[in-house]
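Engineer: Please arrange chain B on chain A, whose structure you already have, making use of the hints.
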Amino acid sequence: MSVIIILLIASISVASLFLGAYIWSVKTGQYEDEYSPPLRILFDDKPTESVNEISHQYPKQDN
Amino acid sequence: MQAERFYYDNKIVKSFGYATMFWGVIGMLAGLYAAIQLYAPGTSMNMAATTFGRVRPVHTNAIIFAFVGNCIFTGVYYSLQRLCKARMFSDKLSWIHFWGWQLIIVAAALTLFLGYTSGKEYAELEWPIDIAITLIWVIFGINMFGTLVKRREKHIYVAVWFYIATWVTVALLHIVNSFALPVSFMKSYSWYAGVQDALVQWWYGHNAVAFFLTTPILGLMYYFLPKAANRPVYSYRLSIIHFWALIFIYIWAGPHHLLYTSLPDWAQSLGTVFSIMLIAPSWGGMLNGLFTLRGAWDKVREDPVLKFFVVAVTCYGMATFEGPMMSLKNVNAIAHFSDWVIAHVHIGGLGWNGFMAFGMLYYLVPKMWGTSLYSKKLATNHFWLGTIGIVIYAVPLYWAGFTQAQMWKTFTEEGQLKFQFLETVTHIIPMYVSRSIGGGLYLVGALMMVYNLYKTIAKGSFIANEAAEAAPIVKEHSAVREYWHRWIEKKPMTMLVFSLIVVAIGGAIEIIPTFLVKSNVPTISSVKPYTPLELQGRDIYVREGCYTCHSQMVRPFRDEVARYGEYSKAGEFVYDHPFQWGSKRTGPDLARLGGKYPHSWHYNHMLDPRIMSPGSIMPAYPWLLDARIDTTSTASKIRAMQKLGVPYPEGYDQVANRDLMEQAAQIAENLKGDKIETPKDAEIVALIAYLQRLGTDIKAQPKEETAQAQQ
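The listed protein sequences correspond, in order, to chains A and B. Count the first sequence with our numbering and you get residues 41 to 103, in order. Count the second sequence with our numbering and you get residues 9 to 719, in order.
Hints should not be assumed to be uniformly reliable.
As the list claims (entries may be wrong) - Quick list of in silico lysine-lysine cross-link-like pairs, DSS-like style, CA-CA up to 27 Å: (1) K19(B) with K86(A); (2) K158(B) with K86(A); (3) K67(A) with K162(B); (4) K100(B) with K86(A); (5) K577(B) with K651(B); (6) K158(B) with K67(A); (7) K162(B) with K86(A); (8) K86(A) with K375(B).
I should point out that these hints are in silico values taken from the structure, not numbers from a laboratory.
Same shape as in the complex, but just chain A:
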């Protein structure tokens, strides 16, 4: 049963990673705005000249 120590260390380290991520996200204002994100995903970011490229001739880098 001493393997529980490995599992506890593994689980708690992941949990602290998640805790850190949570604190980071709150502190950096990720959740300041809860209204626009769900709406924003509904819009496509189509360019103003709405032509979709069909061939594979596209700029290699996206800038």
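Structural biologist: Chain B only, in chain A's frame:
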């Protein structure tokens, strides 16, 4: 800030989408085959590769890693780009990821059919493939996090949080559970043994469900359901709350797979408590998904995509209520080892995973090919066929589960067990037949989808690179970074604690295994290591996948003790690398099999189970009678076991084969007495040695360390 023009990569999404459909059909075919074998064992055609014990892991691996895996990648590669407003970090990595994953799947299928297995559920793949999985997963991670870093949208949408949590946790689970000592290129022994192995395995196993079958799909749900309905998520706040709650609670639910086993009581209770707590965040997801369709139910009536999503999310809710209920010890006492578990799994698998995949594909293909779905009617028919298929699959198995559990526990008035195990099997065969019909309908539905999407693709034209425009985040980004650093710098104690944790992890990972190995002191003094012949036999047992139908864990219940013998103690399994407690009793428990039947019984039973048990559904294993034990592997196996802490004497590997042959000769001699001629190094001899050893140690007199005398 000036908007930039860039292009989303749809080619990679297309490839993963094709792979999803391809492997989905293969995985379902394997499942259907396995289901049919349960009432028609002759369909294994007397070949090793096609026995249930080999086909079942092919099915589970194909569905989980090939079908759902590719489905996850399809959805993540599509949605992550759009949620980050950035093309994937590296096209090259995308393709390495894609081809690497497919190669892993092919390697998995081949090796599993051939019997190369670690003997641990959903982690059967041997160590070279495990390494490949780790590499490809890292590549996926680099690609995913790289895309996040170059995102043009500051806010990280909730779906992306789910993807992040998935990546981190799956990496950890896979690595920890795959710790094994290689013996040869395609053979290894689990680093852990017995109870330890069981705990690690089900910590992994349940979290595979959590972080491979649930969190990434919830992420996909949070993107594709709103998009398909063109409605915002019902409560964004709820999605955030339940995300964080879910990922903190899920990890602790693993022990609910080990209730009433030799796992310590407190660990079992922990699993139960966290499993019950899990209802809340899980239902947060379900309710959020369903309520998003408030005011849009007329769309559900028209759109097959939404129909699939509604049933998927509902099945998710059902399964995440049922699971916690089955984690209650009193319910578990009935459900464990029965077909109820299989029903539960497939509500989640067919309902949640399958239908989310289908809905997503029906949504994506028309979009990426710039056209409309070929036939809405066909897709709707698929939906109904699939839904009916799920019901015809699950309901018979619920019936079967309750029936067999009841029959197992029934006593006559005189206090004898009323039913032989075999009777409980033959009684539920009609349920097995029904279930395969349900699965068959589900598969037909999937094939309808493949046809429908093929015709859709034919009439559309593929948009390989989808143009998009968005303004980059520039100054804000580095301000955020500075802020974080300033924040943590202001909290030296926090920084210290986090650093200590990180360092401690590294150190512990190196130190603890050593302690573990040394601490494998048997708590029952009469429990001794397997003899070389028994070890070879055990490896045959693992190779043939016997654990997929037979458990080795007698629970402390009156009916189990009456049927099988003394309930299983933790100390009996200290040398079991891997543990073979099993999860299902399609056949009887074998934990106390040793000495119950003569050698000749086992010989005939393996040749054809129906010789000894008329009506049995077990496949025949005739090749075991002809194949020879690979004695060249004995020495390396003993050495590997020694390294894992099994107390064979120093230098024993050099003389192990001598003991092996001696014990084998005795068994062959005994068989001769029952008119059975067999070469003493036939594999059946090794298997018989192993089976006859099972559960006998606790009754044994203190022994010397050499080969145990056989009856």
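Engineer: Confirm or reject each hint.
Structural biologist: Structure-based check of all given hints:
For the hint linking K19(B) to K86(A), the alpha-carbon distance of about 18 Å falls within 27 Å, and the restraint holds. Simply put, K158(B) and K86(A) have alpha-carbon atoms about 19 Å apart, close enough for the 27 Å limit, and the pair holds. This hinted pair checks out: K67(A) and K162(B) have alpha carbons roughly 14 Å apart, not beyond 27 Å. Only pairs whose Cα atoms come within 27 Å are accepted, and K100(B) paired with K86(A) is accepted, the gap being roughly 25 Å.
A hinted pair counts as satisfied when its Cα atoms are at most 27 Å apart, and K577(B) with K651(B) qualifies at roughly 24 Å. This hinted pair checks out: K158(B) and K67(A) have alpha carbons roughly 20 Å apart, not beyond 27 Å. For a cut-off of 27 Å, the pair hint linking K162(B) to K86(A) stands: about 19 Å separates their Cα positions. With a C-alpha separation of about 13 Å, the suggested pair K86(A) and K375(B) falls inside the 27 Å cut-off, and the hint holds.
Violated hints for the displayed structure: none, as all numbered hints are satisfied.
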